[in-house]
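Undergrad: With chain H fixed as given, assemble chains R and L onto it according to the hints.
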Amino acid sequence: MPKLQEMAKKEAAFSSGHRLCAGCPVPIFTKMLTRVTDYDIVVGSATGCLEVASSIFPYSAWKVPWIHTAFENAAAMMSGVETLHKVHRRKNKTDKKIKCVAIGGDGGTYDIGIQSLSAAMERGHDLLYICYDNGAYMNTGIQRSGATPLGAATTTTPVGTVVAGKQQQRKDLTRIMIAHHIPYVAQASIHNPVDLSNKIKKGIEIDGPAFLNILSPCIPGWRIAPDMAVELAGLGAETCFWPLYEVEDQNFKVNYEPKKKLPVTDWLFTQGRFRHLRDAKWSHLVQDFQTRVDQQWDWLLGRQAATK
Amino acid sequence: MKDKYRLKKWQELPPGGVITEGGNAADYETGTWRTWRPVWEEKNCIHCLTCWVFCPEGAFLLRDGKTPSGKDRKEIRKIDYFYCKGCGLCVRECPVNKKGAKEVIQFVREET
Amino acid sequence: MPKTIAITGNGAMAEAMRQINPDVVAAFPITPSTQIIEDFAKFVADGKVDTELITVESEHSAMSACIGASVAGGRVMTATSSNGLALMWEMLYIAASMRQPVLMTVVNRAISAPINIHCDHGDSMGARDAGWIQFYAENNQEAYDNMIMAPVIGENMEVRLPVMVCMDGFIISHSIETMEIEEDQKVRDFIGEHTALNSLLDTDNPVTWGALDLHDYYIEHRRGQQEAMYRAKSVIEDVSMRFGEEFGRKYDLFESYCLDDADRVVVAINSVAGEIKEVIDELREQGEKVGLLKIRLFRPFPYAEIAQALKGCKIVTVMDRSTSMGAYGPLFSEISNALYDAEAKPLLYNRTYGLGGRVMLLDDIKDVFKESEEYLNNGKVEKMFDFLNVRGG
Chain H
1 MPKLQEMAKK EAAFSSGHRL CAGCPVPIFT KMLTRVTDYD IVVGSATGCL EVASSIFPYS
61 AWKVPWIHTA FENAAAMMSG VETLHKVHRR KNKTDKKIKC VAIGGDGGTY DIGIQSLSAA
121 MERGHDLLYI CYDNGAYMNT GIQRSGATPL GAATTTTPVG TVVAGKQQQR KDLTRIMIAH
181 HIPYVAQASI HNPVDLSNKI KKGIEIDGPA FLNILSPCIP GWRIAPDMAV ELAGLGAETC
241 FWPLYEVEDQ NFKVNYEPKK KLPVTDWLFT QGRFRHLRDA KWSHLVQDFQ TRVDQQWDWL
301 LGRQAATK
Chain R
309 MKDKYRLKKW QELPPGGVIT EGGNAADYET GTWRTWRPVW EEKNCIHCLT CWVFCPEGAF
369 LLRDGKTPSG KDRKEIRKID YFYCKGCGLC VRECPVNKKG AKEVIQFVRE ET
Chain L
421 MPKTIAITGN GAMAEAMRQI NPDVVAAFPI TPSTQIIEDF AKFVADGKVD TELITVESEH
481 SAMSACIGAS VAGGRVMTAT SSNGLALMWE MLYIAASMRQ PVLMTVVNRA ISAPINIHCD
541 HGDSMGARDA GWIQFYAENN QEAYDNMIMA PVIGENMEVR LPVMVCMDGF IISHSIETME
601 IEEDQKVRDF IGEHTALNSL LDTDNPVTWG ALDLHDYYIE HRRGQQEAMY RAKSVIEDVS
661 MRFGEEFGRK YDLFESYCLD DADRVVVAIN SVAGEIKEVI DELREQGEKV GLLKIRLFRP
721 FPYAEIAQAL KGCKIVTVMD RSTSMGAYGP LFSEISNALY DAEAKPLLYN RTYGLGGRVM
781 LLDDIKDVFK ESEEYLNNGK VEKMFDFLNV RGG
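Residue numbers (this note's numbering), protein chains in the order written: chain H, 1 to 308; chain R, 309 to 420; chain L, 421 to 813.
The shape of chain H in the complex, shown without the other chains (with noise of 0.2 Å):
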């Protein structure tokens, strides 16, 4: 497991210098992930926060070779790259190992992009996909996605008289993979860097393809201080909104339990996307929130339990 002085001694993958918001904490992954392993990685991006604040022409913050082309097509941009490398393997034209890293927001991974990204983890290539999931689109200026918690305010669903915020509860993309039964799949949050660059060091050196899901909280998408993300974080863990868990060969782990599993409304009260939900009128809208966490965080354990 790389300790923060082990990763202290190399070299990160990102620059300073990008131009993500204050606060952003995208770059606690995306510094880590030349730190965590000796592999040589390119990296893909899909269009979004990370992409456009990372590379405006004539700077770069990647200190790896990047790729960006689309929003919904990181997975089978990278399928190429992957793929490229593979025939230099069996050609002889290079001696190294590289590994491919695909990086997309939830916008670009839950929605536009899973086609791509599905086909791409059952087509088996070498590759790790990360989505940082903030919640919303929040590149365009916070729409709603499929990753946007139930009743949260965005600009696609604002908080009205008789609607409040998001009528959807969210889909469960790590769920989705780990349906693809591939090598690999876990979540992990951005407030944990311990946990975090474990996944991060697993999925790129496990061969065949995996996937990381990492709670990125956006500050202005939650409408929270620029010096909230990492506590935001780590109430998503606490209330099991976000639990921390990986899936190997179809193995549970549960990577964190807290001690007292607090209510979802001391994640949901500390954010100003949900600051209407405090109003009785839409006390529905956090039990179901709460009853969908609960529901979750059962069958989680109940899947650990049962692969022990």
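These are calculated hints, taken from the structure and not from any lab test. Model, not experiment: these values are computed from the prediction. Glycine is no exception: its CB is placed at the ideal position from the N, C-alpha and C atoms. Treat the hints with care, since some could be wrong.
[Stated by the list, open to error] Below 25 Å or equal to it, Euclidean Cα-Cα: the simulated SDA-like pairs (lysine to any residue) are:
1. R:386 <-> R:338
2. R:406 <-> H:161
3. H:9 <-> R:404
[As the list claims (entries may be wrong)] Not the full set, but computed from the structure, chain R residues with beta-carbon under 7 Å of chain H:
4. 327
5. 331
6. 338
7. 341
8. 365
9. 395
10. 396
11. 397
12. 400
[Said to hold, decoys possible] For each label pair, taking beta carbons as the anchor points, the in silico distance ranges come out as:
13. R:381 <-> H:294: 41 to 47 Å
14. R:312 <-> H:156: 37 to 43 Å
15. L:423 <-> H:86: 30 to 36 Å
16. H:180 <-> L:604: 35 to 41 Å
17. L:612 <-> H:86: 22 to 28 Å
18. L:465 <-> H:270: 56 to 62 Å
19. L:650 <-> H:194: 54 to 60 Å
20. L:764 <-> H:140: 19 to 25 Å
21. L:421 <-> R:312: 54 to 60 Å
TA: Below, chains R and L alone, put in the same frame as chain H:
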């Protein structure tokens, strides 16, 4: 602005919009975004690297040092204000700050 | 020695791909281009090529994977038709603007709706502004020859652009014709090795591909891309000449058939040219001064050369097998542009034909020439734009 970042004519650009220098965003100053400034107090620091791992800007610079028992370690050297956007994440997440008795990183209003 | 064989157009393109032996092929099946990839998959299965075939889940992913593999430094190919090309639309532009010499066969098929599997040129004409070099082919021999030349052109350091070779769905893709397949080694010698440029897999020199341009750089990058298209024209002439010397079949930017002394000229694209030539032969025997200008290269469009070739003719009928709704046909617009500066402008008009596979028989072509004779005799064009062979007129 360095000369290499002067606006180029189309004939001077490599094909396909490629950027051939990896990580050259490090030449771009983001410290100008700051309205609040974290100030690191070395004497209270335990060099746990929490601020370093969380800092989205990579603004905590390291140096080689020793633990009190004499083992090699990386230590915080300084905050690079060329990049620090003043988000305050380091101030909030510093474990010494959290305990409350001492402050390793203070947050002060940027002088205008 | 070349082999003379009887083969379908799709089979010929699969043969071209086998000989080119690309690093990566990423493709998704769509009628009528499916057989190209099926044949190629068999070559992979039999170890006849060194290629990795990525059997993607959509054409969008096909082109995305092609771009990824190309930026990584490989020679890559694919094939598609119709709605498949339409689904690639976004990535076509990106391949071209990122200056990746991806090679693609487009088996021309009508675009939905209504869904129709037969030939017209609506698919590739819709992609004409995407930044790809576009070749059109009358028959399987031309399609094959164009594809053999395609990597040499697209990968030229002065060009670095993707190349699309188009041929007619079913009429060519599924019809068996005799043609010459050149020797594998001769073809490979002609094509040469692929040279990577700023490869993504060169981890010692990390490059950033696909950056964001703001208003300070986008137009400069586009300006450079346009220049590459301009330069492509002379590269195409050089490569075509070299191809002629090597394999004996000569290609210009377009084909002139009985054009030198022609009064009445038809401009057309792809397989219909075969029928037009037959009608021209017959009319010439009767002393009629008729000719054909057959488009080979549509992008970059050879304006000056075409204007020169049409110099001296009196009336030009441009036949478009696609529509630009609310405008003249795409080919007509280009011919009209080409003739703008001509000193003695011929009469010029536009006919749309063959959409969704509507057949043009020899008699239909004769009617086209009859009409142009009437117009020429009257000294004016009655109908600038019309459909041929459509019920209701």
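Undergrad: Could you run down the list of hints and mark each one as holding or not?
TA: Consistency of the hints with the structure:
no. : hint                        : in the structure
1   : R:386 <-> R:338             : 17 Å, holds
2   : R:406 <-> H:161             : 40 Å, violated
3   : H:9 <-> R:404               : 23 Å, holds
4   : 327                         : 4 Å, holds
5   : 331                         : 4 Å, holds
6   : 338                         : 6 Å, holds
7   : 341                         : 6 Å, holds
8   : 365                         : 5 Å, holds
9   : 395                         : 3 Å, holds
10  : 396                         : 4 Å, holds
11  : 397                         : 5 Å, holds
12  : 400                         : 4 Å, holds
13  : R:381 <-> H:294: 41 to 47 Å : 43 Å, holds
14  : R:312 <-> H:156: 37 to 43 Å : 42 Å, holds
15  : L:423 <-> H:86: 30 to 36 Å  : 32 Å, holds
16  : H:180 <-> L:604: 35 to 41 Å : 40 Å, holds
17  : L:612 <-> H:86: 22 to 28 Å  : 23 Å, holds
18  : L:465 <-> H:270: 56 to 62 Å : 58 Å, holds
19  : L:650 <-> H:194: 54 to 60 Å : 56 Å, holds
20  : L:764 <-> H:140: 19 to 25 Å : 55 Å, violated
21  : L:421 <-> R:312: 54 to 60 Å : 56 Å, holds
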